[in-house]
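Add chain B to chain A, keeping to what the hints say.
The listed protein sequences derive, respectively, from chains A and B.
Sequential numbering from 1 applies to the first sequence in my numbering.
Sequential numbering from 1 applies to the second sequence in my numbering.
Everything labelled a hint here was simulated from the structure, so no lab data went into it.
Fair warning: there could be bad hints in the mix.
One copy or any two copies: either way a pair holds, since identical chains are not told apart in the list.
Simulated pairs of lysine to aspartate or glutamate, DMTMM-like, Cα-Cα distance not exceeding 20 Å [to be verified]: (1) Lys119 to Glu87; (2) Lys86 to Glu109; (3) Lys119 to Glu85; (4) Lys119 to Glu148; (5) Lys115 to Glu85; (6) Lys118 to Glu87; (7) Lys118 to Glu85; (8) Lys83 to Asp72; (9) Lys23 to Asp297; (10) Lys221 to Glu188; (11) Lys119 to Asp297; (12) Lys66 to Glu182.
Protein chains: 2
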Amino acid sequence: MAKKILALCGGVGGVKLALGLSKVLPSKDLVILVNTGDDFVYHGLSVSPDLDTVMYALAGVNDEIKGWGIQDETWKFLNVLKKFEKESWFQLGDKDLLTHIERTFLLNEGVSLSKVTKKLAYNFGVHSSIFPMSETPVSTYLSTNKGEMSFQEYFVKFQCKPIVNDIQYLNNKEAKIPELLEEMIVNEIFSGVIICPSNPYLSIDPILSIQPIKNFLMNRKIPVLAVSPMINSLSVKGPTVKIILELGKTPSTEFLLGHYEEIIDFLILDERDKFSGSRYTNIQQVCINILMRNIEDKKLLAEFCLKLLQ
Amino acid sequence: MAKKILALCGGVGGVKLALGLSKVLPSKDLVILVNTGDDFVYHGLSVSPDLDTVMYALAGVNDEIKGWGIQDETWKFLNVLKKFEKESWFQLGDKDLLTHIERTFLLNEGVSLSKVTKKLAYNFGVHSSIFPMSETPVSTYLSTNKGEMSFQEYFVKFQCKPIVNDIQYLNNKEAKIPELLEEMIVNEIFSGVIICPSNPYLSIDPILSIQPIKNFLMNRKIPVLAVSPMINSLSVKGPTVKIILELGKTPSTEFLLGHYEEIIDFLILDERDKFSGSRYTNIQQVCINILMRNIEDKKLLAEFCLKLLQ
Chain A
1 MAKKILALCG GVGGVKLALG LSKVLPSKDL VILVNTGDDF VYHGLSVSPD LDTVMYALAG
61 VNDEIKGWGI QDETWKFLNV LKKFEKESWF QLGDKDLLTH IERTFLLNEG VSLSKVTKKL
121 AYNFGVHSSI FPMSETPVST YLSTNKGEMS FQEYFVKFQC KPIVNDIQYL NNKEAKIPEL
181 LEEMIVNEIF SGVIICPSNP YLSIDPILSI QPIKNFLMNR KIPVLAVSPM INSLSVKGPT
241 VKIILELGKT PSTEFLLGHY EEIIDFLILD ERDKFSGSRY TNIQQVCINI LMRNIEDKKL
301 LAEFCLKLLQ
Chain B
1 MAKKILALCG GVGGVKLALG LSKVLPSKDL VILVNTGDDF VYHGLSVSPD LDTVMYALAG
61 VNDEIKGWGI QDETWKFLNV LKKFEKESWF QLGDKDLLTH IERTFLLNEG VSLSKVTKKL
121 AYNFGVHSSI FPMSETPVST YLSTNKGEMS FQEYFVKFQC KPIVNDIQYL NNKEAKIPEL
181 LEEMIVNEIF SGVIICPSNP YLSIDPILSI QPIKNFLMNR KIPVLAVSPM INSLSVKGPT
241 VKIILELGKT PSTEFLLGHY EEIIDFLILD ERDKFSGSRY TNIQQVCINI LMRNIEDKKL
301 LAEFCLKLLQ
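Here chain A stands alone, though its shape is the one from the complex (with noise of 0.2 Å):
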């Protein structure tokens, strides 16, 4: 029987390695498992910036230059609201724009997130299965010196300034996964899990806070590993290592090892970062470039992944 890769992932830095994955891996052998904790409703739009991240990179329609939305974009949209609305801190663009007024359609007929996405997905030419974490609302909060704000709020409104001092995942409990992914779970369809390089709190333990998926990794049935988002102890991108230190932990491979220790076997991670005293030994640390800087880079580490899987 086929088996099929699982990828967990958010926007811009973990798509790096879902779009590298896609172009080695034949599309009915890559599910890709990606945070809603970012979705949210914006002028009574139903918006999931991650799930687009990675279908427009899919596509091959993205904006590698922004990391994320359409590329070639225009805004006449965004003009008008800019110029009547107070809330217009969210960019959307005229392109991007039917991505979410279908998405609200859609969702107010009562068809479900994952069933919408993959008619989004289809439009867009892409054949690999695209999962949102949850079917129900799962929401990233987070309790900063500003106040407490959605992700958006913090991310895009606040541009990550307000210092961050604690991060839940509302409604965790009540999330419902998709379907079709709990029958690949039940059928044992997988056959490696690959966690992406994206930031451990705003992208990863949002989908790692759904009891079941969870479970699937601490199961540990088949083997998972982890690529690092941090490169010399710094963010590749985004504020993964400033809300690590605003948390009070130290941005180095011992946390990162820490953090997935239930869950991964493998860390990848740059040569710098190698960690030879870990306490965590059932983790094996394996050392290759991690930056993807073009499409070669990104096929050469997903390559790299499903070997050291198999």
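Relative to the frame of chain A, chain B by itself:
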């Protein structure tokens, strides 16, 4: 006490006179009551074509050549829609989209259509009162040789080609007129009513199908005039004459007089259409140029109507 003028109108044709009225009357003295029988939900968005046409015209942002939508519009969103969805016949522009998104958002929040309309008009700097004919949906529905269809399907999707056998205004009995309009009627705040040169069947009759509005006009406490939508027995624009013929009537002044018999005191018409042998002797036919080619024509006709109502 200041008296107001009530203008009934639909889209393209009638809005020309509504604009003229807005230029010659102080905004506090003009109330425009707009057909919402064309309203529909498109990809989950609540679209009110006539309300928007009136709003954009009064704001001076309308596309005068097309007769609807916003000037200097772009179509990135529509191009994506056309690529992905079968139902892409209705033209939503990038600048126009916010209107529909905000309307949908606010209606879903429980805000009434008249309050939504006020908010949107305010955005665009429009201070005359624009009222929907009903807070609740009343839908113009056509029986044709191609089957039953909504107004937008007939008008946009099938480009007025089907032959019309019958027209209904669904849910008109449950219509709820805007509370503020009701108060104005009760408080006898209007000194006259103008039926703009819109299609009688498709733009004016939906409004008249709402009993409290019909009753108010039949009351005859104040003068009511209609401006003919025809010149030399031809439609100025749109399918007016075609539909009159398909419904077995003769497109003529006599038809219009009969159609509005119960409610009007004056019919303003082109010299060529004057009919001296009319059986409707209680309605005065008044001739003047009713072709509005530019803003001066619109203002002249508006002033003429206002004088007649004095």
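Structure-based check of all given hints:
1. Only between protomers do Lys119 and Glu87 lie at most 20 Å apart by alpha-carbon distance; the minimum there is 15 Å, versus 29 Å within a single protomer.
2. For the homomeric pair Lys86 and Glu109, the shortest alpha-carbon distance between copies (17 Å) is at most 20 Å, but the shortest distance inside one copy (29 Å) is not.
3. Taking the closest pair of Cα atoms, Lys119 and Glu85 come within 20 Å of each other only across two copies (11 Å); inside a single copy the shortest separation is 31 Å, beyond that limit.
4. For the identical chains of this complex, Lys119 and Glu148 are neighbours neither inside a copy (34 Å) nor across copies (30 Å), given an alpha-carbon limit of 20 Å.
5. For the homomeric pair Lys115 and Glu85, the shortest alpha-carbon distance between copies (16 Å) is at most 20 Å, but the shortest distance inside one copy (32 Å) is not.
6. Within a single copy, Lys118 and Glu87 get their C-alpha atoms only as close as 30 Å, which misses the 20 Å cut-off; across copies the closest is 19 Å, which meets it.
7. With identical chains, the CA atoms of Lys118 and Glu85 are at most 20 Å apart between copies only, with a shortest distance of 14 Å across copies and 32 Å within one.
8. Proximity of Lys83 to Asp72 under the C-alpha cut-off of 20 Å is restricted to the inter-copy arrangement: shortest distance 16 Å between copies versus 22 Å within a copy.
9. For the identical chains of this complex, Lys23 and Asp297 are intra-copy neighbours only, at 12 Å inside a copy versus 64 Å across copies, given an alpha-carbon limit of 20 Å.
10. Taking the shortest alpha-carbon separations for Lys221 and Glu188, only the intra-copy value of 9 Å comes in at or below 20 Å, while the best inter-copy value is 80 Å.
11. Taking the shortest alpha-carbon separations for Lys119 and Asp297, neither the intra-copy value of 30 Å nor the inter-copy value of 51 Å comes in at or below 20 Å.
12. Taking the shortest alpha-carbon separations for Lys66 and Glu182, neither the intra-copy value of 34 Å nor the inter-copy value of 52 Å comes in at or below 20 Å.
Violated hints, listed in ascending order, are 4, 11, 12; each of the other numbered hints is respected by the structure.
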